[in-house]
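Chemist: Here is how the chains run, residue by residue.
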Amino acid sequence: MRILAVTILTVVIFSANHALALTDGQTALVSKLVNSNTFVYPREDIADIRDIGPDALQPIITAYQSTEDHTRKAQLARLLWDIGLESDEASSVLLEDAKTEHRTLRVNVQYALGSVSADEVVVETLLDNMRNDPNAFFRDKAACALAYNQKHLSYDQKYDLYRGLIEGLSDEKPQVRSISIQALRIHTGQTMGFHPEALVGSRDESIARWYTWLQDYQQSL
Amino acid sequence: MVARLSAKLVAVLITVFAQFAWSQTSPYVAYDFDGYLPDSGPDTFQVFRSNLHKAKLSQAFAHAGTGSIHFVDPAGDGDFVEFQGYFEEQSQGHLSFGFSVLLTDRDNAFSAALTGTKKYQHHPEGLNFWMIYDGDWLRSYSNSIPKKIIQLETFQWYTVLADIDFDANTYDVSVSDESGNVLYREKSLALAPGRHDHHSVKEFSIVGDISDQLASDFFIDSVYIASSTHPKPTEWVAPGRRSLFVERWNKFQSNVVGRLRCLPAISLEDFGIDHEALGEIFQSNEMDDLLRLTSDQYRFTERDTEELHPKLQALAHWRHACQLLERGEDVASMRASMEASLDLVSDAYIYQLSDIVIRAPDLAAVDLIVEMGHLRDGDLRSEIAMAMLARQLKLDEDRVYFQAPDLSSATQQILFDLERHEKPTTLGDPTQLAIEQLKAFMPDDWRNWLHWAVVTEFQYMALVGSEDYTSARQLAADVSTFLEEMNIGNPLWRERVGDMALLLGEPEMALQQYEAITIERSSSRIDLKSADVHHLLGNKEKERDLRESVYRNFQN
Numbered sequence: 001m002r003i004l005a006v007t008i009l010t011v012v013i014f015s016a017n018h019a020l021a022l023t024d025g026q027t028a029l030v031s032k033l034v035n036s037n038t039f040v041y042p043r044e045d046i047a048d049i050r051d052i053g054p055d056a057l058q059p060i061i062t063a064y065q066s067t068e069d070h071t072r073k074a075q076l077a078r079l080l081w082d083i084g085l086e087s088d089e090a091s092s093v094l095l096e097d098a099k100t101e102h103r104t105l106r107v108n109v110q111y112a113l114g115s116v117s118a119d120e121v122v123v124e125t126l127l128d129n130m131r132n133d134p135n136a137f138f139r140d141k142a143a144c145a146l147a148y149n150q151k152h153l154s155y156d157q158k159y160d161l162y163r164g165l166i167e168g169l170s171d172e173k174p175q176v177r178s179i180s181i182q183a184l185r186i187h188t189g190q191t192m193g194f195h196p197e198a199l200v201g202s203r204d205e206s207i208a209r210w211y212t213w214l215q216d217y218q219q220s221l
Numbered sequence: 222m223v224a225r226l227s228a229k230l231v232a233v234l235i236t237v238f239a240q241f242a243w244s245q246t247s248p249y250v251a252y253d254f255d256g257y258l259p260d261s262g263p264d265t266f267q268v269f270r271s272n273l274h275k276a277k278l279s280q281a282f283a284h285a286g287t288g289s290i291h292f293v294d295p296a297g298d299g300d301f302v303e304f305q306g307y308f309e310e311q312s313q314g315h316l317s318f319g320f321s322v323l324l325t326d327r328d329n330a331f332s333a334a335l336t337g338t339k340k341y342q343h344h345p346e347g348l349n350f351w352m353i354y355d356g357d358w359l360r361s362y363s364n365s366i367p368k369k370i371i372q373l374e375t376f377q378w379y380t381v382l383a384d385i386d387f388d389a390n391t392y393d394v395s396v397s398d399e400s401g402n403v404l405y406r407e408k409s410l411a412l413a414p415g416r417h418d419h420h421s422v423k424e425f426s427i428v429g430d431i432s433d434q435l436a437s438d439f440f441i442d443s444v445y446i447a448s449s450t451h452p453k454p455t456e457w458v459a460p461g462r463r464s465l466f467v468e469r470w471n472k473f474q475s476n477v478v479g480r481l482r483c484l485p486a487i488s489l490e491d492f493g494i495d496h497e498a499l500g501e502i503f504q505s506n507e508m509d510d511l512l513r514l515t516s517d518q519y520r521f522t523e524r525d526t527e528e529l530h531p532k533l534q535a536l537a538h539w540r541h542a543c544q545l546l547e548r549g550e551d552v553a554s555m556r557a558s559m560e561a562s563l564d565l566v567s568d569a570y571i572y573q574l575s576d577i578v579i580r581a582p583d584l585a586a587v588d589l590i591v592e593m594g595h596l597r598d599g600d601l602r603s604e605i606a607m608a609m610l611a612r613q614l615k616l617d618e619d620r621v622y623f624q625a626p627d628l629s630s631a632t633q634q635i636l637f638d639l640e641r642h643e644k645p646t647t648l649g650d651p652t653q654l655a656i657e658q659l660k661a662f663m664p665d666d667w668r669n670w671l672h673w674a675v676v677t678e679f680q681y682m683a684l685v686g687s688e689d690y691t692s693a694r695q696l697a698a699d700v701s702t703f704l705e706e707m708n709i710g711n712p713l714w715r716e717r718v719g720d721m722a723l724l725l726g727e728p729e730m731a732l733q734q735y736e737a738i739t740i741e742r743s744s745s746r747i748d749l750k751s752a753d754v755h756h757l758l759g760n761k762e763k764e765r766d767l768r769e770s771v772y773r774n775f776q777n
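Residue numbers (our numbering), protein chains in the order written: chain Y, 1 to 221; chain U, 222 to 777.
Errors might be hidden in some of the hints.
To be verified - Label-pair ranges, simulated between beta-carbon atoms:
id, chain 1, residue 1, chain 2, residue 2, range
1, U, GLU374, Y, ASP128, 39 to 49 Å
2, U, ALA389, Y, PHE137, 38 to 48 Å
3, Y, ASN132, U, ASP388, 41 to 51 Å
4, Y, ILE186, U, ARG524, 23 to 33 Å
Hints listed in this document are in silico derivations from the structure and should not be mistaken for laboratory results.
Ideal placement from N, C-alpha and C gives every residue a C-beta, glycine not left out.
Extracted from the complex, chain Y is given alone in its bound form (with noise of 0.2 Å):
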């Protein structure tokens, strides 16, 4: 019981002293990012908040949490997407936000979800929103944040990215295959002779084409 009890105090006072973690000169650096209300962050303090490393993202979470007003909420996910590190906490809040109809948040919530998650939901919840939303601008903003924003996927998760991007191209709706195409051209550099105006039979031959990739991919995993 004594061993336990020791082993529990010393797992506390180590995960208090995790969460005091930040210096004096840290904690004022991350708090006049979180208070600067702005878009635009000085990419030196950006990078001094990546040396800082995770518990530098404690406030600016915290913050997002207390907040109801959308622009704000917007500009620390903007914050969260420009620093880049992983945490699973940012990705739970922002996935809170991924279907707002605030079109400023909407995005840079998209855009910051790849930048701090690599979790299978985000990218499911991304290419719900590229195939499903019913406005088709949070539509394209999904598809861009999947083009561009997964940064921290392993070869697996990939696979997963791809075959919702493939699988895409064979929505009825002509915008959601048009930026499934552009995302898969932007990952892999090559289209495989897909166009989502040309005809149904035209379109079906390029698919089984990115299907034949896909399982070669597979294979090489």
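Since chain Y is already given, all that's left is putting chain U on it; use the hints.
Modeler: Okay, now just chain U, sitting in the frame of chain Y:
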């Protein structure tokens, strides 16, 4: 570089090159890290490192000889260490890229690449060879798929050799151990996919983990590039460069700003394709052809001018004319194609505008463009076409191009912004943003101001392009003084006064201008030009400090 090739590297290369029938010569890029390294610079290499990301000469391990480069790069800090090497662009024959690597930790990562002008894009002129070690497997990309090669052991040297065959659009790759035993060999892997076959590379890059997921701690030795086409580089003019920074800057600017080319279309109506024509194209199942003809990778074929809808034929003729203009080839065919395009669709705005650009140097074209610009209020393309012609015509002496309207205080900041834009600081095109601001503040005469700014810019480029540095300096000084009198910041035009002084053999005068700018605002571009000055003044230490503030080195 080659002259200082060590015996150990020669031995390595002889062994490795024995695999290739084409290789009968010395490499033209070779780094053995045995104490001597060429100066960093735009024609040699650049090192991206920081306090956290280290890349330094080490004698702890060596594949051969005594030294190597030790790379250290922590994970999760949003950046990575990089050794980026430059060589003359290669797009035909064979090119060989080799290096040796030693890992200290199996869970670490690194990657090596050969890229062209499009850098890390999956494009024939981009990422053509990409090998990564992901903490588990060494992989090499083929058809944009990271194929497994081998698993690596720690504290073992491995030599990687990639042989690119530009004619076949493929590459072979091999990995050997310290004794030269080939552990892996794969032939005919695919270079970067793309719709055209023109693959090219001009840089190599060795980096930590670009996804920043894994840490890196590895050593690199015996890096080389060799080519079957044996390009003969030009002479060095200063450390790390075959032309001065100031000449590179002007050449780059001149290419970007002043080159004669077709202006881009921004809607199908520019091609005279209205709703009705689009319907016809759709009905005749030629939508794919329309998209193909408007693609940036379009390749002209005669068939496109014979079998398609007339408006698509016109478009094909126009693309052909523009491509010939870009390449500076076959003026007669270019003009014939342009005329054929206008014969088919005479009222298409972009064809009319392109026809005038192609007709340069016909002085009357300037008035035609101004007239068209007024017809299309707010269309910047006529302004740009005007400026292109200004450069081509080398200006009509009777015309007064340098005639600025009066400035109101409200517009000063806007023009200052226009002057100082060097690269995007916000999302979107900064030039477009500045123009929108200009319109907002000067709704009546923003076009006059824009016209003045653009034409003055091109006038300067015309003088620089024709190597009339004396006149260019005079123009830069006039504009600089004008802006100064209006209390508008003028760093760009002051810099240009310095550039011209440097090219006219007056380095002290150039330095005076550059130093006046750096008091207000630091800029790596000014630092590099100042490095030119110090080179010409014989101040080696200062030259190196300024150059290495940008290109770095491996020393410390």
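Chemist: Find the hints from earlier in the document that the structure breaks and name them by number, from lowest to highest.
Modeler: No numbers; nothing is violated.
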